[in-house]
Amino acid sequence: MGPRSRHTAQEGDTLCLLEINARSVSVDLNNDASLLIDIPDALCERDKVKFTVHTKTTLSSFQKPDFSVPRQHEDFIWLHDALVETEDYAGLIIPPAPPKPDFESPREKMHKLGEGEATMTKEEYTKMKQELEAEYLAVFKKTVQVHEVFLQRLSSHPILSKDRNFQIFLEYDQDLSVRRKNAKETFGSFFKNMVKSADEVIISGIKEVDDFFEQEKTFLLDYSSKIKDSTARAEKMTRSHKNVADDYIHISATLNSLSVDDNTALKKFTNVEGRVASDEELKLTELLRYYMLDIQAAKDLLYRRARALADYENSNKALDKARLKSKDITQAEEHQQQCLQKFDKLSESGKRELTSFKGRRVVAFRKNLIEMAELEIKHAKNNMALLQGCIELLKSN
Amino acid sequence: MAASSRRNPPPLPGAENQDPLSEMADEDSDEGEDIFVGNSNPVAEAFQPDTANGEEPADLFSEAETSTAANSYITNSKSNGVHSDNENDLFAEVSVELSMENPSTTAKSSGAEFTPSLTLSATQPESMEQLEEEKDEDSFDMEVAVTNPEKIGDGMNAYMAYKVSTRTTLPMFRNRTFSVWRRFSDFLGLYEKLSVKHSLNGCIIPPPPEKSVVGMTKVKVGKDDSSSADFVERRRAALERYLQRVVCHPSLLQDPDVREFLERDELPRAVGTHTLSGAGFLKMINRASDAVSKMTIKISDSDAWFDNKLQEVESEELQLRKLHAVVDSLVNHRKELCGNTAVFAKSMAMLGNSEDNTALSRALSQLAEVEDKMETLHQEQAASDFFILAELLADYIRLLGAVRGCFEQRMKTWQRWQEAQSTLQKKREVEAKLLWANKPDKLQQAKEEITEWEGKVTQYERDFDRISVTVRKEFLRFEKEKSNDFKSQIVKYLESLLQSQQRHVKFWEAFLPEAKAIA
Chain A
1 MGPRSRHTAQ EGDTLCLLEI NARSVSVDLN NDASLLIDIP DALCERDKVK FTVHTKTTLS
61 SFQKPDFSVP RQHEDFIWLH DALVETEDYA GLIIPPAPPK PDFESPREKM HKLGEGEATM
121 TKEEYTKMKQ ELEAEYLAVF KKTVQVHEVF LQRLSSHPIL SKDRNFQIFL EYDQDLSVRR
181 KNAKETFGSF FKNMVKSADE VIISGIKEVD DFFEQEKTFL LDYSSKIKDS TARAEKMTRS
241 HKNVADDYIH ISATLNSLSV DDNTALKKFT NVEGRVASDE ELKLTELLRY YMLDIQAAKD
301 LLYRRARALA DYENSNKALD KARLKSKDIT QAEEHQQQCL QKFDKLSESG KRELTSFKGR
361 RVVAFRKNLI EMAELEIKHA KNNMALLQGC IELLKSN
Chain B
1 MAASSRRNPP PLPGAENQDP LSEMADEDSD EGEDIFVGNS NPVAEAFQPD TANGEEPADL
61 FSEAETSTAA NSYITNSKSN GVHSDNENDL FAEVSVELSM ENPSTTAKSS GAEFTPSLTL
121 SATQPESMEQ LEEEKDEDSF DMEVAVTNPE KIGDGMNAYM AYKVSTRTTL PMFRNRTFSV
181 WRRFSDFLGL YEKLSVKHSL NGCIIPPPPE KSVVGMTKVK VGKDDSSSAD FVERRRAALE
241 RYLQRVVCHP SLLQDPDVRE FLERDELPRA VGTHTLSGAG FLKMINRASD AVSKMTIKIS
301 DSDAWFDNKL QEVESEELQL RKLHAVVDSL VNHRKELCGN TAVFAKSMAM LGNSEDNTAL
361 SRALSQLAEV EDKMETLHQE QAASDFFILA ELLADYIRLL GAVRGCFEQR MKTWQRWQEA
421 QSTLQKKREV EAKLLWANKP DKLQQAKEEI TEWEGKVTQY ERDFDRISVT VRKEFLRFEK
481 EKSNDFKSQI VKYLESLLQS QQRHVKFWEA FLPEAKAIA
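Going down the list, the sequences are from chains A and B. So in my numbering, spot 207 of the first sequence is number 207, and the numbers just go up one at a time. So in my numbering, spot 85 of the second sequence is number 85, and the numbers just go up one at a time.
Isolated chain A (complex conformation):
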């Protein structure tokens, strides 16, 4: 059994139980005591992550006040799609679905490490392995966090928290897979997405009657593309930073074998550099990435509303035509009324949602930017202390 298979076996056997404490992106969630949700721990086996969703509630709609269920990523997606497809929620911003857990990067590195094992010293290898495990852990923490935030946004929303599917998700103690999409449905949703993007093109051309929405539309379209750009760049930047940190590990390992000087400080420095890279990532990139998705959700709301407006306008035209032909007038009138109602409802709730979204976004950015700046300062000061100690040590030798 060569090193490669050994490592895959190792990956497969990794069961990580985790206490999740950091909530980096979410703000002001989970403070409504009537429904408290968190993900206290999770297991990862091979590719699959099993989350333990824990609910504490005072609401009578639930059978028990305190309970936990195991859930997989696919269950979260099912829930999200179910909410999106519910007509009643057309006027709401549905929180974006959590992205699939992506262990690709650390797994690839693990693979490379296995192959390069022969050329490295034992110490270097252990160090790299530790780094890799830390990275793995960071990805893991991140994915748990986004899943948790998704649920918490639902629970803190006045309307969505009462959704039946949501309740099932939280409570149903059997495997949810029977209720999840089968292949046909998945294909159907794929098709729907295609149609939606075609719609988007048409709809962004529709004349907007309401100033508020006109402004919002312009803002969101612009902001969305910018934030997408920023997210991509931030990712690249933190990846470069990680590369630099990795290089320092190699350097300190090689220096060690040269035993040219006392380099324990250099080793610690590499740890701190590595941690700076992953903290940066956690704060900034995740913030950007989350809001990129959120803005997409807000845009979706706008599109739904625009579609409703289009429907309304179409129904007006139909009514006019019916009046002209003097045929099916009542039907057309009813249809027009429905469209109008729908549109109005959407507009009203849409306005509410978008305003609160704005506020939420500003608060989240503030919190994260402050935390990021404080972390940078803390790490830089740590580095400074380390370096000073190392320099003194060398000089006194």
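What the hints contain is simulated information worked out from the structure, not anything from laboratory work. These numbers were taken from a predicted model, which means no experiment stands behind them. Any given hint might turn out to be false.
Unchecked claim - With a straight-line Cα cutoff of 25 Å, these simulated SDA-like cross-link-like pairs (lysine to any residue) come out:
1) Lys217/A / Asn353/B
2) Lys122/A / His324/B
3) Lys506/B / Lys358/A
4) Lys506/B / Lys299/A
5) Lys218/B / Gln379/B
6) Lys129/A / Thr376/B
7) Lys335/B / Glu108/A
8) Lys322/B / Glu333/A
9) Lys236/A / Thr376/B
10) Lys228/A / Ser361/B
11) Lys358/A / Pro513/B
12) Lys346/B / Asp229/A
13) Lys309/B / Ser468/B
14) Lys516/B / Gln130/A
15) Lys378/A / Val370/B
16) Lys299/A / Ser361/B
17) Lys482/B / Glu371/A
As the list claims (entries may be wrong) - To give a feel for the contact side, a few chain B residues facing chain A, derived at Cβ under 7 Å:
18) Met160
19) Ile285
20) Leu310
21) Val313
22) Leu318
23) Lys322
24) Leu323
25) Arg334
26) Val343
27) Asn357
28) Leu498
29) Gln501
30) Lys506
31) Trp508
For every residue, glycine included, the Cβ atom is placed at its ideal position computed from N, Cα and C.
Given the coordinates of chain A, assemble chain B onto it according to the supplied hints.
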């Protein structure tokens, strides 16, 4: 060269190593006496190197039978503004002793007596432009600097000329301060000359920086971008370190070629340094044949010291190469980080522009500025990574190669001795045969040959012993220099990291109130 290898330690008089072998070695030194007389041109800050001036000054210097017992050869160090304080501190304890004593009565000391303040510092340029030489306050015996690279001529015949400035209190030079202009092939020529003369003794001769056809062609063609500026700066720094190592070496400093190089206005153009010349090819062939013979020599050395040290050197060279590769990758990654940070900063600025909440918008713009500053920091850090670390490693990889060459010289000497012994043996057999065959006239000849070869064997044996001693001494001196060099460079590097982290803190602390002001 008896005098040159002696060192008197500063304030502490007692710690002198009596090394009997080195006495013998110095007496038999092949380097010859340094007695020069004659006039020489006054050294002016002449600009035109290699113009056909037709002057042939008698470039000989006078030297009394004095020993220039300089105990600390501190070389000039350039520093950027921030580090100058630190470096002056390092030199704060230097004191200079000049003494005039009869060489034969002075005690010999081994190379291990250097004062700890011997440092060679490479320069860390603040920018990629030329740096001015910085005069240090303390008094040293010898400082050299290579500055002001200038392009002479145009097109493919163009070359870079460098100003080589020396400041010294050594009496063997005519002036205290003087400069000359040299080009790269002059440096190579110096190395060739020193090699020819000293490598047979087992000296470790510092190797010059490598030739680079690509780099020079870009400069010649006149490509005025940062890569050719980088190349010129890198070469300048490397040439300076090379010269500093040469003048640090006690025996080499006494060599007339070195003095000529530093002092003489115009050097005859060094032939045989051009890669594609006849001499170049000859060198390549010699090197190849050397490599083959290297494989077949194995000294049955009663002294395991040399074997061990050679092995150490070889493994160290491997490690340094590996380290150099990693540092190279670090430099590249940091440059990448630089680029990515700049792009990110721009996109942040755009995001800030489209943000409608004013406080957040301002904060995002500030963030963009901070990231911009970070980019500058990263870039400087990359430069320091390179110029401090990477070049140090590259230098030492080359130096270790020179050290190995030293050991090989010793092996060759041993081989010569062994061969002489076996020839002697054969001659003796011939003699015995002739005795038995009773041919008196041939016998006489055979006896003469035996005497001749006996002499040779004795001489070669003595050569071998002598070279062994020199190699050992050189090696110890080298080790000491290396460890000092590494230590000082690493300290310098860590200090640059420290400085960068300080600025890091400053930038983020400036940003924090902006972030807090978001409402």
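Status of each hint after checking the structure:
| no. | hint | in the structure |
| --- | --- | --- |
| 1 | Lys217/A / Asn353/B | holds (16 Å) |
| 2 | Lys122/A / His324/B | holds (20 Å) |
| 3 | Lys506/B / Lys358/A | violated (31 Å) |
| 4 | Lys506/B / Lys299/A | violated (39 Å) |
| 5 | Lys218/B / Gln379/B | holds (23 Å) |
| 6 | Lys129/A / Thr376/B | violated (32 Å) |
| 7 | Lys335/B / Glu108/A | holds (24 Å) |
| 8 | Lys322/B / Glu333/A | violated (81 Å) |
| 9 | Lys236/A / Thr376/B | holds (17 Å) |
| 10 | Lys228/A / Ser361/B | holds (17 Å) |
| 11 | Lys358/A / Pro513/B | holds (22 Å) |
| 12 | Lys346/B / Asp229/A | holds (10 Å) |
| 13 | Lys309/B / Ser468/B | holds (13 Å) |
| 14 | Lys516/B / Gln130/A | violated (36 Å) |
| 15 | Lys378/A / Val370/B | holds (16 Å) |
| 16 | Lys299/A / Ser361/B | holds (21 Å) |
| 17 | Lys482/B / Glu371/A | violated (45 Å) |
| 18 | Met160 | violated (32 Å) |
| 19 | Ile285 | violated (35 Å) |
| 20 | Leu310 | violated (17 Å) |
| 21 | Val313 | violated (13 Å) |
| 22 | Leu318 | violated (10 Å) |
| 23 | Lys322 | holds (6 Å) |
| 24 | Leu323 | holds (4 Å) |
| 25 | Arg334 | holds (5 Å) |
| 26 | Val343 | holds (5 Å) |
| 27 | Asn357 | holds (5 Å) |
| 28 | Leu498 | holds (4 Å) |
| 29 | Gln501 | holds (5 Å) |
| 30 | Lys506 | violated (9 Å) |
| 31 | Trp508 | holds (4 Å) |
Comparing the model with each earlier hint shows violations of hints 3, 4, 6, 8, 14, 17, 18, 19, 20, 21, 22, 30; every other hint is respected.
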